[in-house]
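Engineer: These protein sequence lines are chains A, B and C, in that order. Quick note: the first sequence uses our numbering, first residue 1, plus one each step. Quick note: the second sequence uses our numbering, first residue 483, plus one each step. Quick note: the third sequence uses our numbering, first residue 798, plus one each step.
Some clues are possibly wrong.
As the list claims (entries may be wrong) - No more than 30 Å apart at the CA atoms, straight line, and that leaves these computed lysine-lysine pairs for DSS-like:
no., chain 1, residue 1, chain 2, residue 2
1, A, K316, B, K702
2, A, K365, A, K340
3, A, K80, C, K1062
None of these hints come from the bench; they were simulated from the model. The structure presented is a predicted model; accordingly, all values stated were derived computationally and were not measured.
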Amino acid sequence: MTTFDYAPALESRTIVTIDPQYGHFINGSFTKGSNHFASINPSDETVLSHIALGSAQDIDTAVDAARVAYESVWSKLSGKERGKYLYRIARILQERAREFAVLESLDNGKPIRESRDVDVPLAAAHFFYHAGWADKLDYAGMGNSPRPHGVAGQIIPWNFPILMLSWKIAPALAAGNTVVLKPAETTSLTALLFAQVCQQAELPAGVVNIVTGDGSTGAALVEHPGIDKIAFTGSTEVGKAIARAIAPTKKKATLELGGKAANIVFEDAPIDETVEGIVNGIFFNQGHVCCAGSRLLLQEDVAEEVLSKLKVRMAKIRVGDPLDKNTDLGAINSSEQLLKIRDLSKSGDDEGAERWSPPCAVPEKGFWFPPTIFTGVTQAHRIAREEIFGPVLSVLTFRTPQEAIEKANNTPYGLSAGIWSEKGSRILWAAGQLKAGVIWANTFNKFDPASPFGGYKESGWGREGGRHGLTAYLKDAESNNE
Amino acid sequence: MKYYGLVDGTEASLNNFLKSLPGVDQVGAEARAAMLGTRSIKTSSKKKAIDLAISMVDLTTLEGADTAGKVTALASKAVRPDPSDPTVPSVGAICVYNDMVSIARKHLDLVGGSHVPVAAVCTAFPSGRASMAVKIQDTLDAIEAGAGEIDMVIDRGAFLSGHLMDVFEEIVKIREVCGEKAHLKVILETGELVTYDNVRKASFLAMLAGADFIKTSTGKVAPAATPPVVLVMLEAVRDFYQITNKRIGVKPAGGIRNTKDAIKQLVLVNETAGPEWLTPSLFRIGASALLNDLLMQRMKMRDGYYASPTYVTID
Amino acid sequence: MNERLEVKKTYKLYIGGAFPRSESGRTYEVKGSDGQFIANACLASRKDLKDAVVAARSAQSSWASATAYNRGQILYRIAEMLEGRSEQFIKEISASDAISESKAEREVLAAIDRWVWYAGWSDKLAVLAGSTNPVSGPYYNFTIPEAMGVIGAIATEENSLLGLVDAIAPIIVSGNSCIVLASGRAPLSAMTFAEVLATSDLPHGVCNILTGSKEELAPWFASHMDINGLDISGVDEPSLVSDIKTAGAQNLKRIHSFSKVQHPKRILAFMEAKTIWHPIGV
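So here's chain A without its partners, still in its complex pose:
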């Protein structure tokens, strides 16, 4: 038998320049910053740079800058002109796409194929989409002359750093808000590169401010009295803390939180594409996806066939260097996250589920976890209830469509769900029954700026993307902050 091993095909990292140390981006320029901490490459644990730990004082300075920019510049600018700034940003993101992709893979650990083909193009698309809204807000369904909230405080996660930045900043700016954004502690570099894009686009100073740091920096942002609107993507636990923190205030909030999505496979599913969808659902971005299809629900009469095909397919997943163009599964973002994945996987073992991974050599340095499935999982297992946020799939079975829906909805989360069937009426029925904000039927993990994204129940408040997402950054002209 011939073997066909793919030689390393490394994307060159010479396209990126990383400074040894970064400050914050406030009022159009970089500060020196203080209390710097190391930001490492999760695939080999080398130090990439040192990131400033934003203090309450830094947040205060940034919010002030955003307020001044809002009142003196941005709110006075016509929608048409605001839109042109967003178009400029979109174009620069496209021009520097490869640079962003390489930097994202270095900093986050995700495969270059995904940062290059998904994260960065979608980030640019978000700016294009919202650029077009800026001078059409009267048609956003909020009545004539809707108003921005003012200064938005935005906190983003480490799983899609530049993409989540674009989900936050593009609609905020289009609607006329100014922003203070805090990137995740482990993935600040593309946000800081984005600050350079703002400079190249000649965006007025203070419209976008980026303060790096950890949870304490985020808390200072949430609690700052000068913030009118919070937008957060992250864990449900922190989302609830934010909801409590703003309870005594008039601050508005959108929250994109956790999920434990069911991916339901009916007996008449298109099997091969379903297997692809299962793989894409849970192993895309190392499973660091809030809407990951982490609970696979198989109809019993096809369970064996699907599982056997899934295992064959999983054996083809290429785990390794994120900068290798042939890598399918990159590094886990941090040692902390790796521990969490290991802990939950161990609970799967302890609770009697059966673990399987294909033979798979992972690098010695860095944070790695092989693609893993657990079979024999029931709704009572921790791995069927808690968000693992890693490349770990829990497999359950069901007998009837009704049972599938009951199991799928049996979670406090409600972000997304998948349906695999060739029968149109069954798909529409199931889509109607599922309590989730995004339903992927015969596909999974698809995103688009025109498509609203967000969850039911404890998966969050509000939507991002589309007209629905835009309105979260607007209030109607006569509104009393409703």
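Got chain A sorted already, so can you dock chains B and C onto it with the hints?
Structural biologist: Just chains B and C, lined up with the frame of chain A:
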């Protein structure tokens, strides 16, 4: 066991079996093929892939203007694709119309290419619109003239009108005619079947009826061997092996013109049917212009600078 | 002097289509403008709320799966029945809210019209808040608004009937079920309105009405994990609002307060946008 024990030779059992196949979602299949198209094959693996691809080429001429001169040139090239470099392997076969088979066979033997088989396109290629008697005679002639491989076309009209049993019986007949003397490749002409569901159904139909290979296209209809079509056929042979323990070959033909396309096909094989299929006995690429591009890429790998068409032979 | 002694009504709670007394056995005196006793109302307890949530949850999915046309007709039927009993409401509100009969009449007529207005929305919400989204790829992608589930509401103290209708109608028209705490000061018309609902075509459990103290019950509304959303238009005290929002964070309840009385925003606030993707291929 006859028909692998999967169907019993009745129309009902054939129809039931083919109906039981899962559907193919077009968007999903195309997305998978496109993703595999992003595989980056470099350096040592590229070198290996190029030689493998050369050994899999069914070097083809299927023109009304074919002459003995053209065919003998093709045969010479098939044996020694690069006269300046003896490490270049011979191609998988040469593929010609059946009146050219004896010329091709004789010339191959003459130039030291007795290991290179001649494939003949048969059964009223490319349309398949002829009586069964003609199709059988067509095949007999080719085998008589020395063809080791028969590339037959299916009756697409019968397939599309739902007369699956007619298609099946034709293949069974030609299989009988081939006997032990020739390998049978069944051309589905996927460009006329249009949907991936049809491609999957026709693949299984051909395999059940006794095909040694399933082949995408005649080369006379576009689109031909697109990556998603080949993906679906590779899934079919993989699944058929799971059921029957018998490996059927796959031959994309038409539209594969350069090294990049050919390597994409090898990646499809590697990650769909599996590396077991990465051999000329289970995977062929029907092509003509492709070979020279493979040779030029090979020179580039060898010499470190880009080659010129001047330095590869024309046929 | 009247020869005949008036037969007075016992005001109870409305839960799951039935009229139970509070499980706590508690009542409180409802008084008119001059301080005279009008009736005893139930002082609902947290357990009454719990029972109401169970009733609301079990009624919700079939109510949501009724056609929009059907829900609209049922809401319109409520208006019809209210119209038929308007005299009774005018008298009751005039006494309990301490307003003139003409003012009471205006309120009752407004309440009837409010039902008509909301009834008409049932089959237009998807047009207002839904969309097909032109995504970049071979996918059909559309967004539809969907009922959120079980919604609680604290009705305003003023306008005891109209405030109640403003709380209930926008919540249930989309397919939610609700538990409403009626005006604490003037709860009687709410329970008379419950009689309208009980004899209407609204499935039992879709609307449940409690009377009692919002200071006591609002925190329980806020912390109940099976309530998905909360209309606190009837809560003015900033500290209570803050407490409600804090407690509601535990299950990320959607908590809203409205100043507009007749606006689709009140409906959409308690709906979720669901976006569905499907490939387009042959």
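Engineer: List in ascending order the numbers of the hints, as given earlier, that are violated by the structure.
Structural biologist: Hint 1 contradicted; others consistent.
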